[in-house]
Structure formats: C-alpha cells, structure tokens
Amino acid sequence: MFASVTTSPLNAPTCYETFTAQLPAGETGAIVTFTGRVRDFNDTGALDGIELEHYPGMTENAMAKLLDEARERFSLIDAGVVHRVGHIANNEDIVWVGCAAMRRQAAFDAAAFIMDTLKQAVPLWKKEFATNGEGAWVKPKASDTQAAMQWLKSDDKEAQSE
Amino acid sequence: MQVSVQFFAQLREQLGCQRVRIEVTDPASMKDVKDALARHFPDQADVFDSPLLMACNQQLVDGSHQVNASDELALFPPVTGG
Numbered sequence: 001m002f003a004s005v006t007t008s009p010l011n012a013p014t015c016y017e018t019f020t021a022q023l024p025a026g027e028t029g030a031i032v033t034f035t036g037r038v039r040d041f042n043d044t045g046a047l048d049g050i051e052l053e054h055y056p057g058m059t060e061n062a063m064a065k066l067l068d069e070a071r072e073r074f075s076l077i078d079a080g081v082v083h084r085v086g087h088i089a090n091n092e093d094i095v096w097v098g099c100a101a102m103r104r105q106a107a108f109d110a111a112a113f114i115m116d117t118l119k120q121a122v123p124l125w126k127k128e129f130a131t132n133g134e135g136a137w138v139k140p141k142a143s144d145t146q147a148a149m150q151w152l153k154s155d156d157k158e159a160q161s162e
Numbered sequence: 163m164q165v166s167v168q169f170f171a172q173l174r175e176q177l178g179c180q181r182v183r184i185e186v187t188d189p190a191s192m193k194d195v196k197d198a199l200a201r202h203f204p205d206q207a208d209v210f211d212s213p214l215l216m217a218c219n220q221q222l223v224d225g226s227h228q229v230n231a232s233d234e235l236a237l238f239p240p241v242t243g244g
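So the protein sequences, as listed, match chains A and B.
Terminal number for the first sequence in this note's numbering: 162, no gaps in between.
Terminal number for the second sequence in this note's numbering: 244, no gaps in between.
I should point out that these hints are in silico values taken from the structure, not numbers from a laboratory.
Everything numeric in this text was worked out from a predicted model, so none of it was measured.
One should not assume that every hint holds.
Over the 10 Å line for every Cβ pair with chain B, so calculated as not near, a few chain A residues [said to hold, decoys possible]:
1) Pro-13
2) Ala-25
3) Gly-29
4) Ile-31
5) Asp-40
6) Asp-48
7) His-54
8) Met-58
9) Asp-68
10) Arg-73
11) Lys-119
12) Gln-120
13) Val-122
14) Ala-130
15) Gln-146
16) Lys-153
Here are the computed lysine to any residue pairs in the SDA-like style, where the Cα-Cα straight-line distance is at most 25 Å [to be verified]:
17) A:Lys-139 to B:Val-223
18) A:Lys-65 to A:Thr-131
19) A:Lys-139 to B:Gln-220
20) A:Lys-127 to B:Asp-233
21) A:Lys-126 to A:Met-102
22) A:Lys-126 to A:Gln-105
23) A:Lys-153 to B:Leu-222
24) B:Lys-196 to B:Ile-184
25) A:Lys-126 to A:Glu-51
26) B:Lys-196 to B:Gln-168
27) B:Lys-196 to B:Gly-178
28) A:Lys-126 to B:Ile-184
29) A:Lys-141 to B:Leu-215
30) A:Lys-127 to A:Glu-51
31) B:Lys-193 to B:Met-163
32) A:Lys-126 to A:Gly-29
33) A:Lys-65 to B:Ser-226
34) B:Lys-196 to A:Trp-137
35) A:Lys-139 to B:Asp-208
36) A:Lys-141 to A:Asp-78
37) A:Lys-126 to B:Ser-226
38) A:Lys-141 to A:Asn-61
39) A:Lys-141 to B:Ile-184
40) A:Lys-139 to B:Gln-221
Glycine included, every Cβ here is placed at the ideal spot set by N, Cα and C.
Bound-form chain A, shown alone (with noise of 0.2 Å):
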C-alpha cells in the first residue's frame, strides 16, 4: 500500500508497474486505476494550469486512512494513491489511484469510493488559472459532496441490516 504526494510530474505506467510488482502471487484477479488529469478549460473558460496546495502530513495520513477504509470495505488486496502538488500544468496529472481485488466488481467500487471520499475529506486544495493568470480558488461541487454522501448513505444501509 502506498499513500503519497509529489511535486514532481506523475508517470502513471511508473506508478502501475511500482503498485502491481508488490502485488501477492495468484490471488489478484482484478485491478482497476483511475488518473485524473488538469483540463485545459472550465465553466467559464480557458485554463492555463492549476496550483495544487496541502497539507503537509495531514493529507498523506488521511489519504492512507481512506486506503485503509477502502480495503476493509472492499477486501481489497493492495490499493495506492500517488497525489501530486504545487504547480501543475494543463495536460498533467494529478492523482493516481489504483485498487487490487479478486473480483472487478469490488476493484471499480473501491477506486470510486476512493476518489469520492478523497473529494470530501483529504486536505488538498485546487486553484485554477485563467489564461490572464488571474487564480481563483475552486469551490466545492454539490455533485461531489452528493458522490460522498452515496457512500455514507449505503454505510447505514449496512448497519441497519447488521
């Protein structure tokens, strides 16, 4: 498992090849990775990359604790998470997520629940620059807070049926 961030440019072939040769012999049977990358436009117009803050600790402890979930949940075999920050440019990526399991099914669930959750509660925060250079801080979507609650919402489905 690994939990970590960068300020250097992500390789997600380096980061798949670093997750997949930790991998235990036999039992793995699915593996699902997402990467998200910088567009180069917004809702109200071009964009010429964003700058990426954290918090330093913080965000590679809450990002392990939400791996951590996201193999209990799922009985995942191995998950990781590569963040980058600071300046990142048009075209780049930005997060790297990779989720080990048996089955498929419990591999797409857990990337999901991985990037909805780390939406919601992994102190990174993203500023997008026009292409004057004006920067404006990103404000949260409704439909990324909707995301997350989906899960907490099937949480209580689960505990009310224990």
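Once you've looked at the hints, dock chain B against the given chain A.
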C-alpha cells in the same frame, strides 16, 4: 493558554498569514478557538462564518472538540483535491 493555529488555501490568503498564536481561556473547544480568531482578525471576522473545516493534530474534528496548548490546530476551507 496560548494555542497555535495554521491556515490553508483561500483562508490563508484572506487572513494574510499562515499561522497565528492566540490566547484562549482554558478549557477551550475548537469553537472557542474559532471565536477567538474572529476577534483576533476583526476586519476579516466574516470569513469565520463561512463553512470551514477544523483539524486537531491532523484529524478532522468538530467544534465541540477540546483542545490543549500543545495541539497542532488548523482551519481551512472545504477541500477540492482529486
């Protein structure tokens, strides 16, 4: 007692500092710390009415959480990573 509080992202920019030490009456909760910060920054007091997350020793906590002088405290806006 004196406590140290860190700020991040737009809150850090709005307050113009990364960290501040303030006096709060012992015992104090995170809400007491937040109220003391609003008094410490009277010109920006309204930012403390906006939705902010609070962390104590790098764990998210709510306003009722009791704090100690040695705790690492932080206030920040809702997160937007990923």
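Evaluation of the provided hints:
no.	hint	result
1	Pro-13	holds (20 Å)
2	Ala-25	holds (31 Å)
3	Gly-29	holds (27 Å)
4	Ile-31	holds (20 Å)
5	Asp-40	holds (18 Å)
6	Asp-48	holds (18 Å)
7	His-54	violated (7 Å)
8	Met-58	violated (4 Å)
9	Asp-68	holds (14 Å)
10	Arg-73	holds (19 Å)
11	Lys-119	violated (4 Å)
12	Gln-120	violated (7 Å)
13	Val-122	violated (5 Å)
14	Ala-130	holds (16 Å)
15	Gln-146	holds (14 Å)
16	Lys-153	holds (20 Å)
17	A:Lys-139 to B:Val-223	holds (21 Å)
18	A:Lys-65 to A:Thr-131	violated (37 Å)
19	A:Lys-139 to B:Gln-220	holds (22 Å)
20	A:Lys-127 to B:Asp-233	violated (29 Å)
21	A:Lys-126 to A:Met-102	violated (35 Å)
22	A:Lys-126 to A:Gln-105	violated (30 Å)
23	A:Lys-153 to B:Leu-222	holds (20 Å)
24	B:Lys-196 to B:Ile-184	holds (10 Å)
25	A:Lys-126 to A:Glu-51	holds (6 Å)
26	B:Lys-196 to B:Gln-168	holds (12 Å)
27	B:Lys-196 to B:Gly-178	holds (17 Å)
28	A:Lys-126 to B:Ile-184	violated (28 Å)
29	A:Lys-141 to B:Leu-215	holds (16 Å)
30	A:Lys-127 to A:Glu-51	holds (5 Å)
31	B:Lys-193 to B:Met-163	holds (15 Å)
32	A:Lys-126 to A:Gly-29	violated (35 Å)
33	A:Lys-65 to B:Ser-226	holds (23 Å)
34	B:Lys-196 to A:Trp-137	holds (22 Å)
35	A:Lys-139 to B:Asp-208	holds (18 Å)
36	A:Lys-141 to A:Asp-78	violated (29 Å)
37	A:Lys-126 to B:Ser-226	violated (29 Å)
38	A:Lys-141 to A:Asn-61	holds (24 Å)
39	A:Lys-141 to B:Ile-184	violated (33 Å)
40	A:Lys-139 to B:Gln-221	holds (22 Å)
In this structure, the hints that do not hold are numbers 7, 8, 11, 12, 13, 18, 20, 21, 22, 28, 32, 36, 37 and 39, in rising order.
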